[in-house]
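Novice: Residue strings, one per chain:
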Amino acid sequence: MKKLLVLGLLCLVMVGCTKKGGQEAGVIRIGAAGQLTGPEAVFGADMLNGVTLAVDEWNAKGGVLGKKIELVPGDDQAEPRQAVAVANKFAAEGVAGVVGHFNSSCSIPASEIYHKAGIPQISHASTNPKLTDQGFDNVFRVCGRDDQQGKAAADFAVQKLKVKRVAVIHDKTTYGQGFAEEFKKNLGSGVEVLLFEGITKGDKDYSPVVTKIKSVNPDLIFFGGIYTEGGLLVKQYKAMGGTAPFIGGDGIMSEEMLKIGGPATEGTYATFGPDTKDIPSAKGFNENYRKKYGEPGVYSVYAYDAANILFQSIQAAGGTDGKKVLPVIRAIDYNGALGHIRFDARGDVKESPYVVWKVESGKFKQVK
Amino acid sequence: MFLQHLLNGITIGGSYALIALGYTLVYGVLKLINFAHGEIYMIGANLGFILISLIPAMPPFLQGNLILLLLAVVLVAAVICSLYGYYLEKICYRPLRGAPKLTPLISALGASIFLQNFVMISMGAKDRIFPQTIGMQAITMGGVSFTLLQLVIIFSSIALMALIYWFINRTRLGIAIKATSADPYMASLVGINVDTVISVTFMAGSFLAACAGVMIGLYYGSINFTLGYLGGIKAFTAAVLGGIGNVPGAMIGGFLLGVIEALGAGYFSSEYKDVYAFFILIAVLVFRPAGLLGKGANERA
Amino acid sequence: MTTGNILTTDSLSVTFGGVRALAAVSINVKEGEILSIIGPNGAGKTTFFNAITGTCPPTSGQVFLAGQDITAKSPDEVARLRMARSFQNLKPFPEMTLLENVLIGREIHMTTGILATILRLPAFFADEAEQKCRARDLLAFVGLEHRRDHLARNLTYGERKMLEIARALALEPTLLLLDEPVAGMNPTETGFVMELVQNIRRQGITVVIIEHDMKMVMGISDRIYVLDHGELIAEGAPHEVRANPAVIEAYLGGGTHAPTH
Amino acid sequence: MNGHNLRHDLFYYLGMLLICAPFLKSHTVYVPLLFLGVWGLRRFAAFAGENRTITGIREQMESLVMAHSSLTVGSILAIALLLPFVSSNYLIDVLTSAILYAILATALNITVGMTGVLVLGFIGFYAVGAYTTGILTAKFALCGFWIALPLSGLAAMLCGILLGIPALRLKGDYLAVVTLGFGEIIRIFLTNLNALTGGPNGIMGIKRPSFGVFALDHPRDFYWFALVMLSLIVLVVARLANSRYGRAWVAIRENEMAAGALGINVFRKHLLSFSISAFLGGIAGSLFAVKQGFISPDSFTFYESVLVLCMVVLGGIGNVVGSVAGALLLIIVPEFLREFSLYRMLVFGAVMIAFMVFRPNGLLGSRLITEEIKDSADDDR
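Taken in order, these protein sequences are the chains called A, B, C and D.
Just so we're aligned, residue 1 is where the first sequence starts under my numbering, counting upward by one.
Just so we're aligned, residue 1001 is where the second sequence starts under my numbering, counting upward by one.
Just so we're aligned, residue 2001 is where the third sequence starts under my numbering, counting upward by one.
Just so we're aligned, residue 3001 is where the fourth sequence starts under my numbering, counting upward by one.
These are calculated hints, taken from the structure and not from any lab test.
Don't take every hint at face value.
Stated by the list, open to error - The calculated EDC-like cross-link candidates involving lysine to aspartate or glutamate, where the alpha carbons are at most 16 Å apart (straight line), are:
no., chain 1, residue 1, chain 2, residue 2
1, B, K1101, D, E3256
2, A, K358, A, E266
3, B, K1090, D, E3256
4, A, K116, A, E295
5, D, K3207, A, E112
6, A, K365, A, E255
7, C, K2215, C, E2231
8, A, K151, A, D137
9, A, K291, A, E57
10, C, K2091, D, D3217
11, A, K116, D, D3217
12, A, K283, A, E295
13, A, K68, A, E57
14, A, K365, A, D278
15, A, K201, B, E1271
16, B, K1090, B, D1183
17, A, K162, A, E192
18, C, K2030, C, D2010
Bound-form chain A, shown alone (with noise of 0.2 Å):
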């Protein structure tokens, strides 16, 4: 019994590999990478509906090269070691490219394995420079950098806003650091950091920083991190009697910020793309995408044009290879619900599409 187990069980493997993975003929096919699980599950929820929502349009009009697309989502966890798992898995099944991932520990790893493989990778979220710096010829993002959004919020900070006294708070992730530390090199040498502090993500008790920054007096707080700890901090905070306000950046635009933060948020500030209700091109996604799942996430609409162009770049270079779709994409111009979008040598957007939000009587509204 004992040693037939483990016979048993190699047998199955042998059984598993002779499936090998390979593009079926009529159909192609696209991988979908994010945390389908986990605690940030909504993140990879509301990329996996914006890719679904692209594949359904195309497969309506009769798919890209007159074959269906075929939609395969992959849970990485938001953890790296499953990403690169995800990401074999994907190469073995021979997808045309990619969406995804949503981290950047994630992306970094599993885009060394897409590069080998060439396949296209655009991710939708993964904001840390160091996605695109590494030189690969199959990374893009239709999202910005951080450095640039670091610069953003920092160049708000200090010629808008005016202030000169700042704190500094991280979720001490790869985009939450890395974020805090952009926004704090660009600030320049008017401005003081009084504080430079990373809390725990997934604690809930955030009174002893709050304490703190509220005893050294900040005219405005920084915040690189999402919005379950975001929301939090803001309502501790102003519940302890602090004025000053926050400002933060993708991370933090969310419906669900202003419900953990309620009244509290009022007059935060977020660094994010410009409002999709502005572009004329984005107009139908909004419709459809409310029609079939509700209120967009807010890098729902980053997940659909990253599919979008990658089925776009597939039709116009006429098949799934690689090395024909790649340049394709690199050169594209494409027109989409974030309006346009051109990749640089790296595969970053060409545009630094950041602007700044604030929320006011409860929404968030685009700063002019």
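Chains B, C and D: place on chain A using the hints.
Specialist: Relative to chain A, chains B, C and D alone:
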């Protein structure tokens, strides 16, 4: 500043203490660390959320009395949670009575994973936001800011601790729990139904954890399915700090841990906030394994 | 220390939270004798064993093994000084075979280093073979040779007692402490153990026994110490102890085992 | 079963359903099914336990395999060696992952299985090993992989000794929690010591090792390398298990007091098993670092510790081959279940409980060191 940190620490310490009581009670009767206890706390918080979101559907005359409603929410959540505790013991621990130490610990880990994912699947992975209820305005007195809710939480946790103290020392069942912790064999000889006592212990511990869960949910306003891990570990540290198996010890340990964390994060760095808890845990275990109030140093295995 | 005394205790006391389990017990064990310690239940006999072997360090007093102070030593150090013991409630290693159980006793005589073990150098095989041979002999000595590859948890109660003795002998002790070796055994088995103990003594090993079975105690002991409420109340040859009024009083006063049955 | 029993069962499960009710949503309709499954399993376990034919068949198969053990090991190794030729890179990657976990499980088995010391923060040693390699070969590029590999093991071992000296004087649950604290502390430090570990960004660009000019770049080559390492480690651990060291460990697990009375220095033997375990954990970490090429604190969470522990338990506590089988099972099967990822962990937790309740000795039982001989006294347990 110091007083502010102290107050922050006491607020969070109260919930640590409530959860720690569950660990301590169970450890007392079964000599077992109920690793899934943190998840019960998490389920309590989630039940609180579900019940509070039912409030708008209540008849209007009830809705006027918010305090009463909140009390009812806490109570119902706690009762359902104590049933969770009952089933947890029945499914994961009872069949393993007398098995090697490792076995129930692993089944507890299994239960922990199961409950976490059960809640994740049913409640969704994203944070659930409690509706803004009472007393979120800041009150400042002598340089210390706090909210009404904070005071309510501190006082309720103290009241609950008084309740459990009364339960253990003054009621028949409570005294049976005490007797079973001292010597299960003797307890069974004098006619105490040890199975019942164990079930009741789990239920009492879960009751307190659920109360802590709902209160924390109200206080921070946002909960999710991962709440139980950190909360559980911290509370366990508190229980060990006070001397596991020792009821007043768990209470003092909870408050102490909350205050130490708040002061550590406040005066040193909040980046290492969790490290303080673990360092204290290791230091206490190594230098005073029985905890601050514990007795019989080395024999506890 | 007088020569000829292998074990001496000097007013050994053990206190558990205010309760005196042993009160200033001073005894000496002569080399090569069979010594019994008797007394009613709760008299402190097992505590005495625990105190001299370091399992439960004494509150005050001293213990000397062959003239060497072993008071503060841990159980394993004491064992390496060749004082072996068996336990009242049996402690064989249930998931190990009998042979392995006895080999654990041979552990202190094994010399193979960790590298030699991993590389399976000839020294390893030589050592293993020698110790296994010794262990087999010991199992044969207690009459368990035929079950050497069985798991210890499959043994009967009496067999477990035998295994414990074999395991203790594997240390090659100079002094062997047996805690109730025949409790719960039938007369035939008791007779076997009595013979065994005498055989052990014949090999030059001093034996100290805690026992309630008076047939055994009176039958094989050279000398007897009597403990009651942690205090030494009598000492002497079997017939002297039997006639001692203090002993009779102690047993009639609070015990179930009278020394005369 | 009689009427009362049935009624009792009914109440039991109805109660369970009731407390789950507040959580029930459309996509949790499977929960009642799960309860039904648990009930069925309980009945089946009772049936199989009583049914002599089933146990008989099991024993026959056992002895059949045992009789040809070298043949079995040989053929398994042969299959494992040939596997890359018929599988895709994806599968090779999964298998390599499984092999690394098998090394971890084998290492953890020394403390948890053989010595009976529960370690809940084992991933800490893995992390120390991985970061040592990362820091030495990539971050500061001080030396090559072949020097970093043993150094990683030694660094982890040092941590093990430093932790073990105070901690191993504790017992059971307490020790478990201290090691859990250790794992968390390591992770928090990795996240915060930016200058050394790269903080949350981790360390990138760790190169695969090479033999002279022959680089292990292809996943297949690395798979073989990992396989060789696993075989070596299993061999070493099996040899240790089957020697005076292994026997002393097991003796301590079975009864610390008796082992002490037989002259075994329990503390030193504990420390030995702990440090060997940590050393091998560090080696596995080093392999992980070069396999991934990128390490960050995200890979070393408490969940990973639990996963490795489950492998040990699933395979059978104290069983060397079992740990390897457990690792393969827990890495490969979930990989096939990726489509059901939402329910994967739910089932995982339930299986852990079920295993403890119905088959606490794991898949392969707890003994392989010396084969158990069944006889009439077997029902002593």
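Novice: For every hint, state whether the structure bears it out.
Specialist: Consistency of the hints with the structure:
1. Only pairs whose Cα atoms come within 16 Å are accepted, and K1101 (chain B) paired with E3256 (chain D) is accepted, the gap being roughly 14 Å.
2. The hinted pair formed by K358 (chain A) and E266 (chain A) meets the criterion: a straight-line CA distance of about 8 Å does not exceed 16 Å.
3. Taken as a hint, the K1090 (chain B) and E3256 (chain D) pair is broken in the structure, with Cα atoms around 30 Å apart against an allowance of 16 Å.
4. Simply put, K116 (chain A) and E295 (chain A) have alpha-carbon atoms about 37 Å apart, too far for the 16 Å limit, and the pair is violated.
5. Only pairs whose Cα atoms come within 16 Å are accepted, and K3207 (chain D) paired with E112 (chain A) is accepted, the gap being roughly 12 Å.
6. Among the hinted pairs, K365 (chain A) with E255 (chain A) is consistent with the structure: their alpha-carbon atoms are about 12 Å apart, no more than 16 Å.
7. For the proposed pair K2215 (chain C) and E2231 (chain C), the alpha carbon gap of about 24 Å is over 16 Å, so the pair is violated.
8. Distance check on the hinted pair: K151 (chain A) and D137 (chain A) sit about 26 Å apart at the alpha-carbon level, beyond 16 Å; violated.
9. At most 16 Å may separate the alpha-carbon atoms for a hinted pair to count; K291 (chain A) and E57 (chain A) meet this at roughly 13 Å.
10. Of the pairs offered as hints, the one joining K2091 (chain C) and D3217 (chain D) is violated, with about 54 Å between alpha carbons and a cut-off of 16 Å exceeded.
11. About 11 Å separates the Cα atoms of K116 (chain A) and D3217 (chain D), which keeps this hinted pair within 16 Å; it holds.
12. Between the alpha carbons of K283 (chain A) and E295 (chain A) the distance comes to roughly 13 Å, so the proposed pair stays at or under 16 Å and holds.
13. Of the supplied pair hints, the one linking K68 (chain A) and E57 (chain A) holds, its CA atoms being roughly 11 Å apart against a limit of 16 Å.
14. Pair hint K365 (chain A) plus D278 (chain A) holds up; C-alpha atoms about 12 Å apart against a cutoff of 16 Å.
15. Only pairs whose Cα atoms come within 16 Å are accepted, and K201 (chain A) paired with E1271 (chain B) is accepted, the gap being roughly 10 Å.
16. For the proposed pair K1090 (chain B) and D1183 (chain B), the alpha carbon gap of about 21 Å is over 16 Å, so the pair is violated.
17. Between K162 (chain A) and E192 (chain A) the CA atoms are separated by roughly 12 Å; this keeps the pair inside 16 Å, and the hint holds.
18. This hinted pair checks out: K2030 (chain C) and D2010 (chain C) have alpha carbons roughly 15 Å apart, not beyond 16 Å.
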